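Visitor: As a plain string of letters, each chain reads:
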Amino acid sequence: MKRIFLAILAFFLSTCLYAQVQLSATTDKTTLTLDDELTLTVQVSGVSGNMVMPQLPSLPAFNVYSREAAQSSVNGKSTLFFKYTMMPRFVGNTTIGPVTFKYGGKTYQTKPISIRIYRSGTSVPKANNTQSQNTAQAAKAVDQLPPLERELATRAYAHTSEPYFLVAAVSNKTPYLNEPFILAVRFYYSQSFYDAPYQNPAVSNLFMEEIGEAQGQQNIQGRTYRYEEKRYQLSGVSAGKARIGAATVTFRPGDSPLSIFDRFFGGSAVQAEQSVSSKPIEVTIKPLPTANKPASFYGAVGTDYTFSAKLDHDQTEAGEAVTWSATVQGPGNLKTTSDLVFPTVQGVTAYPAAPAAGVLPNQKDRSYKVFKTELVPLSSGTYTLPAILWSYFDPKTNAYKTLASQPLTLTVTPATHTEKQVNFGSVEPTGNGIQTLGKDIRYVISDSAPQTSWLVLLPHWKWVHALVFIWLAVCLFMASVGKKTAAKKHAYLAAKAQLKKAKIYEDVADTLSAYLLAKWNISTASLPLKDMEQALAKKGVSPDVQEQFAQLWKDLESARFSPQADQAATLAQFTTRSAELLKKLEETK
Amino acid sequence: MKKLILLVLFCVGLVTVGVGQTAEEFYRAGQYAQALSAYEQDLKNYPNNPYLYYNIGNCYFKMGSKGLAVANYYRAFKIYPRDNDIRHNLSLALASGGETLVPTGVPVALHKAFFVFSLAELKGLVCLLGWTLCLLAGVLLLTRKTGKLSLACAVLFLLCAGWFYVRHTWETQPLAVVASPVAEVRSGPGTNFPVSASVQQGHLVELADQKDNWQQVIVKSQGLKGWIENSALERI
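Same order as they appear, the protein sequences are chains A and B.
So for the first sequence, the numbering used here puts the first residue at 162; every next one is plus one.
So for the second sequence, the numbering used here puts the first residue at 8; every next one is plus one.
What the hints contain is simulated information worked out from the structure, not anything from laboratory work.
All figures in this text were calculated on a predicted structure; none of them were measured in a lab.
We treat Cβ as the ideally placed atom computed from N, Cα and C, and that holds for glycine.
Don't take every hint at face value.
[Unchecked claim] Pair ranges (Cβ atoms, derived):
{"hint": "1", "chain 1": "A", "residue 1": "648", "chain 2": "B", "residue 2": "55", "range": "53 to 63 Å"}
{"hint": "2", "chain 1": "B", "residue 1": "175", "chain 2": "A", "residue 2": "475", "range": "43 to 53 Å"}
{"hint": "3", "chain 1": "B", "residue 1": "152", "chain 2": "A", "residue 2": "651", "range": "15 to 25 Å"}
{"hint": "4", "chain 1": "B", "residue 1": "155", "chain 2": "A", "residue 2": "631", "range": "51 to 61 Å"}
{"hint": "5", "chain 1": "B", "residue 1": "115", "chain 2": "A", "residue 2": "626", "range": "50 to 60 Å"}
[As the list claims (entries may be wrong)] Calculated pairs, DSS-like style, for lysine-lysine (alpha carbon to alpha carbon, straight line, at most 25 Å):
{"hint": "6", "chain 1": "A", "residue 1": "244", "chain 2": "A", "residue 2": "334"}
{"hint": "7", "chain 1": "A", "residue 1": "334", "chain 2": "A", "residue 2": "440"}
{"hint": "8", "chain 1": "A", "residue 1": "664", "chain 2": "A", "residue 2": "644"}
{"hint": "9", "chain 1": "A", "residue 1": "662", "chain 2": "A", "residue 2": "649"}
{"hint": "10", "chain 1": "A", "residue 1": "600", "chain 2": "A", "residue 2": "447"}
{"hint": "11", "chain 1": "A", "residue 1": "650", "chain 2": "B", "residue 2": "130"}
{"hint": "12", "chain 1": "A", "residue 1": "645", "chain 2": "B", "residue 2": "152"}
{"hint": "13", "chain 1": "A", "residue 1": "623", "chain 2": "B", "residue 2": "152"}
{"hint": "14", "chain 1": "A", "residue 1": "496", "chain 2": "A", "residue 2": "533"}
{"hint": "15", "chain 1": "A", "residue 1": "661", "chain 2": "A", "residue 2": "745"}
{"hint": "16", "chain 1": "A", "residue 1": "645", "chain 2": "A", "residue 2": "600"}
{"hint": "17", "chain 1": "A", "residue 1": "699", "chain 2": "A", "residue 2": "715"}
{"hint": "18", "chain 1": "A", "residue 1": "447", "chain 2": "A", "residue 2": "533"}
{"hint": "19", "chain 1": "B", "residue 1": "85", "chain 2": "A", "residue 2": "600"}
{"hint": "20", "chain 1": "A", "residue 1": "334", "chain 2": "A", "residue 2": "562"}
{"hint": "21", "chain 1": "A", "residue 1": "680", "chain 2": "A", "residue 2": "691"}
{"hint": "22", "chain 1": "A", "residue 1": "700", "chain 2": "A", "residue 2": "680"}
{"hint": "23", "chain 1": "B", "residue 1": "155", "chain 2": "A", "residue 2": "644"}
{"hint": "24", "chain 1": "A", "residue 1": "600", "chain 2": "B", "residue 2": "119"}
{"hint": "25", "chain 1": "B", "residue 1": "152", "chain 2": "A", "residue 2": "649"}
{"hint": "26", "chain 1": "A", "residue 1": "745", "chain 2": "A", "residue 2": "650"}
{"hint": "27", "chain 1": "A", "residue 1": "715", "chain 2": "A", "residue 2": "664"}
{"hint": "28", "chain 1": "A", "residue 1": "645", "chain 2": "A", "residue 2": "562"}
{"hint": "29", "chain 1": "B", "residue 1": "152", "chain 2": "A", "residue 2": "644"}
[As the list claims (entries may be wrong)] The following residues of chain B were derived to be distant from chain A, with all beta-carbon distances above 10 Å:
{"hint": "30", "residue": "40"}
{"hint": "31", "residue": "99"}
{"hint": "32", "residue": "111"}
{"hint": "33", "residue": "127"}
{"hint": "34", "residue": "155"}
{"hint": "35", "residue": "162"}
{"hint": "36", "residue": "173"}
{"hint": "37", "residue": "174"}
{"hint": "38", "residue": "175"}
{"hint": "39", "residue": "198"}
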């Protein structure tokens, strides 16, 4: 079984490998004399590994006296040249039959070539005629080519004297922003070469992607050139000038000294390295028109876009995700376009996913972009997903065009798994014959909102704040005033108590001073006696009480500075007089 | 004419009763999206009704959107924290995302006591105690007879003010819940940064910073810090 599988795999691989084999046979001339020699070149490309030599047909009209083999390689792709030099044997028209080449189980054949042989010494004007005829035919063929190929072929005509050259051309020199256009680079050669690495052109203000390779043959001024072609797809990044730099091929002319055919046909000398480059190309990127630009335009420019949308399931359960995807296909690089915005669907939660983009298989100049969003329907029912709009700019008509997908229907059945997920409680006995089997959320509450607590209202009663502060202020004021009143009220009582405790004259004087200070704020420390009498007069004290106070104050000072013999009796006398004075002062209103 | 008016009034009454019962009927029938729509309509008229948030949370929970359920239960819990049903459903919804309402090591009774009042009620309580303290202070100033009562009131006031401060800090911290089935936590605000973790819906995250459509989040329960797209989060 394994062998069968390997055999099938080998068959498919070989089929893929052999699919690109190209075989051609050309002669350097189609008319000659018996003295001339004819060179037949058989060219084989697209082969690798073991192979057999091409088989020449029966050539009764020629003697083959020289054979050569050469190999050229561009970016790892080999082309084999087999040259046969022949001498004609007799005059007349003859045909070189098809050259046969067997490879990978297939047989390839070239077209027959007709040759006209003249007698020796006969002028052969036909060669020039043939050459001009060929040139005219080639020019006619060039005119019939598509524009890009015609441009490349035309540029190639400017290099007729060179055995190796490189030309480049673009399909559009004034594309719109993001409009795809093609760059083709061709390496022409009429002689063999080897070791030829290719260097891509550098670009500015452009996106560039390689989209393919090709090989071909072109007759230029009677000389047959083979060419290797590379193609790129480009698009402008921003409006304005853009530049495509030179592409370069570096190679060694002649045959490779390492060629396997050297063993049979002799080696060749190593040639000096040469290089050829294409000319840089300037491109003008045109801005897109702003007028009539639709909201569903995401930056795509080109023609022949297709747009579609689909669901991976059109039936699901509530709470389960389905994928809603929209695919756009068309020319150019869709990677650079903005992401599609899906329309919203009532009752469905959407989770957009990152888009995927790439090149279409077997169509390297066309790409695709797939936009996806995960939809989670919240409940059962039938949902209609609306049409999605996607617009692009068509440079052919200079107008925006809008594509719309078909509306889709999604049928959602009630969820069957939700309860299972909720049950994260373990089965456990709770005692009293009750066993917990699982847990679930409690049922909805249909009551009206709970009564708002009166506490919630309190911060909104600004007037209470104001009242409380007023209350506090009043209390503070009242407390301050009351303290003074109380001090006045307490002054007499405090003085009387202090007099009872007096032991020396100073105690009596201090008591009077403290009373006057507390009662009327009269300081006895800094005022002369006369001023004290005036202060008392201002407070409404009668003149005789003033006189009594002055006499007592003088007697106290005399006693303090000239003590008497019987101090105790004198102190008692002063105490009595002071008490009487205080009583009279207290009675003053 | 009189009969016609009575008939019209009867019909209006029937319709009114029907509208009032619609949301719950949808819920009972398992039509949670319709119930959700009806409750959300009611919420426009009664934005401070905790039971509407609770019922919306129930609808989301039944539809499998645990993250949105947690967000709505949380809103209900903030308004009316002492309701047992709200507490129960919030605990269950959080548990489905691996979170807990009561922090590990904290007694449930203490947690319930801490959340016996809503923040608005607690503010009112602080106001009330402040006013009482001012009144007693005034009396004390005038009569010097309410010293001990004023002191007790001052202590109560300070305790309540501290309680209010802690609750206010807790409730005003920027929180969100993961609403999408899975949220990718990236090391920076953009898809060009690598994914460092994924968080299932229902997880609570603390919001630290914002850049365009990206939120810097801290998942405390997992010790994670990173960036999540706004669309994957529901702010509480």
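Visitor: Beyond 10 Å on every Cβ pair: is that true for residue 99(B) relative to chain A?
Guide: The claim is violated: residue 99(B) sits with its nearest Cβ about 6 Å from chain A, within 10 Å.
Visitor: Would residue 155(B) pass as off the interface with chain A, using Cβ distances and a cut of 10 Å?
Guide: 18 Å, holds
Visitor: Are the Cα atoms of residue 745(A) and residue 650(A) separated by 25 Å or less?
Guide: Status holds; Cα separation ~15 Å.
Visitor: So if I understand the rule, the pair passes when the alpha-carbon distance is 25 Å or less; does residue 155(B) with residue 644(A) pass?
Guide: 21 Å, holds
Visitor: Note whether the CB distance of residue 152(B) and residue 651(A) lies within 15 to 25 Å or breaks it.
Guide: Holds, at about 19 Å.
Visitor: Verify that the Cβ of residue 175(B) lies farther than 10 Å from every Cβ atom of chain A, and report whether the claim holds or is violated.
Guide: 13 Å, holds
Visitor: Given the hinted pair residue 664(A) and residue 644(A), is their Cα-Cα distance within 25 Å?
Guide: 30 Å, violated
Visitor: Between the alpha carbons of residue 334(A) and residue 562(A), is the straight-line distance 25 Å or under?
Guide: 23 Å, holds
Visitor: Given the hint that residue 600(A) pairs with residue 119(B), test it: the Cα-Cα distance must not exceed 25 Å.
Guide: 21 Å, holds
Visitor: Could you grab the alpha-carbon distance between residue 600(A) and residue 447(A) and see if it respects the 25 Å cut-off?
Guide: 66 Å, violated
Visitor: Is the Cβ of residue 127(B) farther than 10 Å from every Cβ of chain A?
Guide: 5 Å, violated
Visitor: Against chain A, does residue 40(B) keep a CB gap of more than 10 Å to every residue?
Guide: 3 Å, violated
Checked against the numbered hints above, the structure violates hints 4, 5, 6, 8, 10, 11, 13, 16, 18, 28, 30, 31, 33 and 39; every other hint is satisfied.
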